Amino acid sequence: MRTRLAVLLVGTALTFGMTISAVAQDKVTDKNVKIGVLTDLSGLYADLGGEGSVVAAEMAADDSGLKAKGWKIDVISADHQNKPDVGAGIARRWIDTDKVDIIADVPNSGVALAVNNIVKEKNNILLDSGAGSSELTNTQCTPNTIHFTYDTYMLAQSTGGAMVKAGGDTWFFITADYAFGHALENDTTAVVKANGGKVLGSVKAPLGTADFSSYLLQAQASKAKVIGLANAGGDTTNSIKQAAEFGIVKGGQKLAGLLMFISDVHSLGLNVAQGLNLSETFYWDTNDQTRAFSKRFSERLKTHAMPTMVHAGVYAGLLHYFKALEALGGNPHDGAKVVAKMKEMPTDDPLFGKGVIRIDGRAIHPAFLFEVKTPAESKGPWDLYKLIGTTPGDQAFRPLSESKCPLVKH
Amino acid sequence: MSINLQALSAQLLVGLINGSFYALLSLGLAVIFGMLNIINFAHGAVYMMGAFCAYFLLNIFGIGYWPALIIAPVLVGIFGMVMERTMLKWLAGLDNLYGLLLTFGLALIIQGVFQNYFGSSGLPYAIPDELQGGINLGFMFLPIYRGWVIVCSLVVCLATWYLIERTRLGAYLRAATENPTLVRAFGINVPRMITLTYGLGVGLAALAGVLSAPINQVRPLMGADLIIVVFAVVVIGGMGSIMGSIVTGFALGVIEGLTKYFYPEASNTVVFVLMVLVLLVKPTGLTGRAV
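Line order of the protein sequences matches chains Y and C.
No gaps in the numbering here: position 54 of the first sequence is 54 in my numbering, and each next residue is one more.
No gaps in the numbering here: position 230 of the second sequence is 230 in my numbering, and each next residue is one more.
By construction, these hints were calculated from the structure, which means they are not laboratory data.
Only a predicted model underlies this, so the values are computations on that prediction, with no experimental measurement involved.
Any given hint might turn out to be false.
Heads up, incomplete: computed chain Y residues facing chain C, CB under 10 angstroms, no partners named [unchecked claim]:
1) D47
2) D177
3) N186
4) Q218
5) A221
6) K223
7) F246
8) D264
9) L268
10) A305
Beta-carbon label-pair distances, calculated as ranges [said to hold, decoys possible]:
11) C:Y98 - Y:K379: 51 to 59 angstroms
12) C:V151 - Y:A221: 22 to 30 angstroms
13) Y:A221 - C:L158: 27 to 35 angstroms
14) C:F262 - Y:K122: 27 to 35 angstroms
Even for Gly, the Cβ is constructed at its ideal location relative to N, Cα and C.
With the rest of the complex left out, here is chain C (with noise of 0.2 angstroms):
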């Protein structure tokens, strides 16, 4: 097969804009895993419920693009919060197996009522005034809001990380994971800490929710098809590791782009293989620590 540059420079690129969204959402999960030990299933749910508040927000409140971006993620992540405090607290020190099938259940049902109220197809979100258009780059034409999907998502992605691995706050959290025990000891208050984690690693997946509205259709499956693959994504890039999430999340992101390129057929299954090597060769993921 003669390899043409330019379209494969074009589907690099493209790849790219996926793999920010994989990155944005396996964030979340690895915040959630390495801080809380939860395996959150409800992910796709609050993904595809930022989407549809940044629907509500527009079609009901008037509330354009640029504040759904802050408002909804807030909202959201209050609905997680909420959702930590009445159910998934109860569950800590129990085995991961009950955090994972409390949370499925939670995104069938949430799922499962908007897709009653809304049905299958989805609903419409159009891309801001701001970024309509796109720009020429020689080997392919970039919309400007896929441009923008980037930067924000790298954006976002490195400040989490730096939160968690560099600040003050950070070092608590972690040491919370470690010695919730001892570091209430230090007078600081680890339920609170928790709730708020949760409720960052949420609000994490509904940004993503909201910076996919205009590409995708608003739809209550738009989690469903993507979760598992962000999944593997985080069981490649090892659990509760946040540089490795991200690095994972762009990088299968490209090598999806590149299998579209040159066997489509296989392009929904090879993050799956790929997880399957991984495993076979280093089961804690790429930059997981033993446990």
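Bound conformation, chain Y alone (with noise of 0.2 angstroms):
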């Protein structure tokens, strides 16, 4: 009976002491910092974010230098599946009690836009790198979402913009039916339309289509001088491998994979991916840093690959993050006031150099247009681009003066 008694009034302090304790932590800026890498870690986009994900904001935490100076980072991670209610879920728990202080990767707008919504209304920070949809940053902006490393419109300036000036002013687009395929082919139908083409036609192949070739052949039908590839990941490569297959590039119409990774271009192959077009704001083989920081990360991961640009923008935007926090002189677990200070500083980090976040949450940094390598010029198995042109990052994504982000004031 005492010992009874004893455990019991020692279970009530221990639960008050921790419910004090997380009051506290609510309000007082301390050196605790959680990050919830929230990924695709089983579907079609895991190469692109994934395991690599979690890796480089491992990475991140540890390069910050803020572990030696007494600060505790944790990260965590999870599986979204793609889906957007299992996304938004998985956002609430943690926020709600797992005490997490920053949402980061994120691929596949739809859970993108969904977690964009959570972290305004729970006043958390949503730092995505690997969705691609502009209405991120544009109609859908907070105060609370930073998108850091690509987005549809870079895409559709970059490519789509390269592939109409190249004479490719007639288009037919094959879409992935959801929120980032239907933001990319509005994005490049601007741009086309924009430089003089035509867009001939569309049709929308549902996420995760094993087989393109009805498509294929609509696009072949349309006589369509360019076929826009808007979609991503495994989606891009059955279609650009099947398109070989029924002779669609021999037939004299060009292939514009308007999203690529350098995963995708390395499981494509040289022999079926070579002479592509695509856009990229990061490859592991630009200068020194990039290389050093790619070879870190590609001995710490499970698959022993070279990071994409999401794995870099996971690890630069972090970066950013941690130099915020710093100079807040603690961790205010406050999202807003974080965002604000990581757009007033301007990031410098040794993979994608120096750039601002904007007012809309939209990191600014240089796009770059890469052209896929023939075996012949490949050095090795990751030798997969040449660059062939840069767009400053002031060109590359869509300009304050066009923007419907309620933050921007005109």
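Dock chain one against chain two, each of which comes alone in its own frame, and use the hints as you go.
Spelled out as structure tokens, the structure:
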């Protein structure tokens, strides 16, 4: 009886103590940070984000130098399975019960838009690297979201613009049937029209389609000069592989992989992918700093792949986040306050170089137009790109003058 | 909407090609369900293993596509037989649900292991040189490889049907399903026959995997994406009916192809809508016998 009473007392005391400290954590600036990497760990985007994004977040925590200064940084991760409801559920649980301070990566625009609303409602932070939809910093912008790596507007400007200027003035789209695909098709259509081109048609293919031959035949029949692939990951690689089979490129039509990652090109192999134009904001073999980072990264990753731009964005975005926390003198556990600080400070990191984060949450850095090397040009399994053009940051992304973001004062 | 006859015939042909895969896979499922009464959820995983097997044979041992067409199904079939001997055997006589859960769990483990080592984007596998290129049929450009897939799958499907419905071995097999004790009394080794049958079903899935390797990327999840549709095919055709699953496989490929032309957004649901309709009207499937 006496022991039971004692246990009860200790238990009550502990619960009480914990409640107090939990409440205290919400209010007081301290040196604890919890990062939640919400990504696709099992589906078609697992190679471009996935485990690599978790590794990138851990590397950022290690490289920030904060741990040596007495900070405690935890990185947790979860699989959103490319389902907005699953992703939203995890985000709510992380913020409400796990006290996560920042949600990073979130590929798949459908999931990202859902999480975007939740972080605003709960004054948390979304540091998005993997999603593409430019709406995240346009109509859907919030004081709590930063979109770091790339977006559909940039892809449309860089790849789309280059192809129209090279004579590809009629287009047919094969579009992934969800938020990202639609955004990419719309943004590219605008660029094609602005450059005097015409869109002859488009077809919406469900996400995760294995066989694209029906859609490719429709694209072939349209006689458009360029077939724009407004999809990503496994959908893009399957379309390109099957387009080669149906003799589409040999027949004189050009393929535009509007969003391709180095993981896709590596997976396709140079025999199929050679000559394709694509846009990225990061390539591992750009300079000594990117090479050094990529070497360390691939050593830590189970598949030993080189980092994609999404992985690089998770790393660089979090480094900037840590700098902002340090400048604030601790973690205030106040999403909007930290984001405001991140926008105030210029970005400067080894992977993307110098840049800024605009008022709408858009991180600004240059976009590179690459051409995939031929097998003869490539010197190793990851020697895949040659640089053919660079768009400066201020031209690569949607100018604030065209923005529909409520945070932007016109 | 104006209907372009050329485009329509092209879509029909493309549908037939996809139907070939549905037919091969649902055939294996039907054989396993009909003879062993196991709902084999690991079917997508063994299909994927067939494709990976072809990739390994080529990249590690330098063995090309044609030998792989035989070797990969045999190897994966042996893997299936080991699975049957060591695990599925113990579930004989229990409710279907146990077999379903076990095979589903196995599928998750197999896919997880492959994904851990090979990632999700997949590996490239080239079309064999003999089948490169295509023929212009007037209404469409038919890649020779796709033509080969239709022919190969038709031949294999019909041969399997013949083996089970028209030969003495098939007769034993069907008899063993009806009354194992009696068939054993005639001196036939029923457990071994069941193991071989499971191996055959799994081998058919692996064959489909090898056939699809040059068309799709060789990916750990290639089977998981397909297996649900294939189950719908089997349900529509009638669980356990051999000819039913072959015909339904091809037919649904064509219907899906037409949907991709007329209303692409619905192309990944049309099969399930059909399944619901068939189940409402004829719960045993189109060719299924009442249980």
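Taking the hints in turn, this is what the structure says about them:
1. D47: This hint holds: Y:D47 lies near chain C, its Cβ roughly 4 angstroms from the closest one there, short of 10 angstroms.
2. D177: Holds, because the Cβ-Cβ distance from Y:D177 to chain C comes to roughly 6 angstroms (cut-off 10 angstroms).
3. N186: 17 angstroms, violated
4. Q218: Holds - the Cβ of Y:Q218 comes within 10 angstroms of chain C, reaching about 7 angstroms at its closest.
5. A221: Constraint on Y:A221 satisfied, holds at 6 angstroms.
6. K223: 12 angstroms, violated
7. F246: 6 angstroms, holds
8. D264: Nearest chain C Cβ about 6 angstroms off; hint holds.
9. L268: 6 angstroms, holds
10. A305: 7 angstroms, holds
11. C:Y98 - Y:K379: 51 to 59 angstroms: Holds - the Cβ-Cβ distance for C:Y98 and Y:K379, about 54 angstroms, lies within 51 to 59 angstroms.
12. C:V151 - Y:A221: 22 to 30 angstroms: 26 angstroms, holds
13. Y:A221 - C:L158: 27 to 35 angstroms: 33 angstroms, holds
14. C:F262 - Y:K122: 27 to 35 angstroms: At 44 angstroms between Cβs, range violated.
Going through the hint list in order, the structure does not satisfy hints 3, 6 and 14.
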